[in-house]
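Enquirer: Sequence:
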Amino acid sequence: MALIGRWLGIQCFKHNGSLHRCWDRALVLENNADFIVTATRCAKVVESNGRRWFTKEPAVTIFSKKEWWNAICMIKHDGICYYCNIASPSIVGKDCIKYIDYDLDAKLFTNGEIRVLDEKEYAHHKSTYKYGDDLDTVLRYTTKLIVERMKNHEFPFDEETIRNYYEDFLKITQNK
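Using my numbering, the first residue of the sequence shown is number 629, and each one after it goes up by one.
Since the hints were derived computationally from the structure, they do not count as laboratory data. Any given hint could be a false lead.
[Said to hold, decoys possible] Restricting the straight-line Cα-Cα distance to at most 20 Å, the calculated cross-link-like pairs of lysine to aspartate or glutamate (EDC-like) are:
| # | residue 1 | residue 2 |
| --- | --- | --- |
| 1 | 704 | 747 |
| 2 | 704 | 788 |
| 3 | 772 | 762 |
| 4 | 642 | 795 |
| 5 | 772 | 782 |
| 6 | 722 | 662 |
| 7 | 748 | 723 |
| 8 | 735 | 782 |
| 9 | 735 | 761 |
| 10 | 726 | 658 |
| 11 | 722 | 658 |
| 12 | 772 | 706 |
| 13 | 748 | 761 |
| 14 | 748 | 729 |
| 15 | 799 | 695 |
| 16 | 672 | 652 |
| 17 | 772 | 788 |
| 18 | 726 | 675 |
| 19 | 684 | 795 |
| 20 | 735 | 723 |
| 21 | 772 | 786 |
| 22 | 704 | 787 |
| 23 | 722 | 706 |
| 24 | 726 | 787 |
| 25 | 772 | 747 |
| 26 | 642 | 741 |
| 27 | 642 | 695 |
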């Protein structure tokens, strides 16, 4: 699709519509009906409180357009670490990818350990932002589904696929 090879910003929102975090740019590697794949290296991140920082590792990120997740696949010296946000399906615009973050996260470490993170933050925001029962069901189901995919190394938690995307990223950025 037309966005492949373009740099897009990324905007993460909270359920109430407030901007939570932005990444300055990510290179689009694939864009289809189900997901968009981007890659970054040393991306600038701006938090809602104005704090700015740069990512430490290069990463490939898969934003699902239909399911309630996105996965940041961080390329480390000892392997790939996967950080999966439980989030709304992503919307891809002309210049930006947007999604709503729902606090729950699952992390697959390079040693194979899996952890579900931020359950207290989720409970707090569920009350504060008044997540309905239907939304809660979808988010909890998605978390279980993601943990199973991590255990089975199913897409997007497949190291060979992520390394291939990263190699594509290196080829494109070295030619520019």
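Enquirer: So which of those numbered hints doesn't the model satisfy?
Expert: 1, 4, 7, 9, 12, 15, 17, 20, 23, 24, 26
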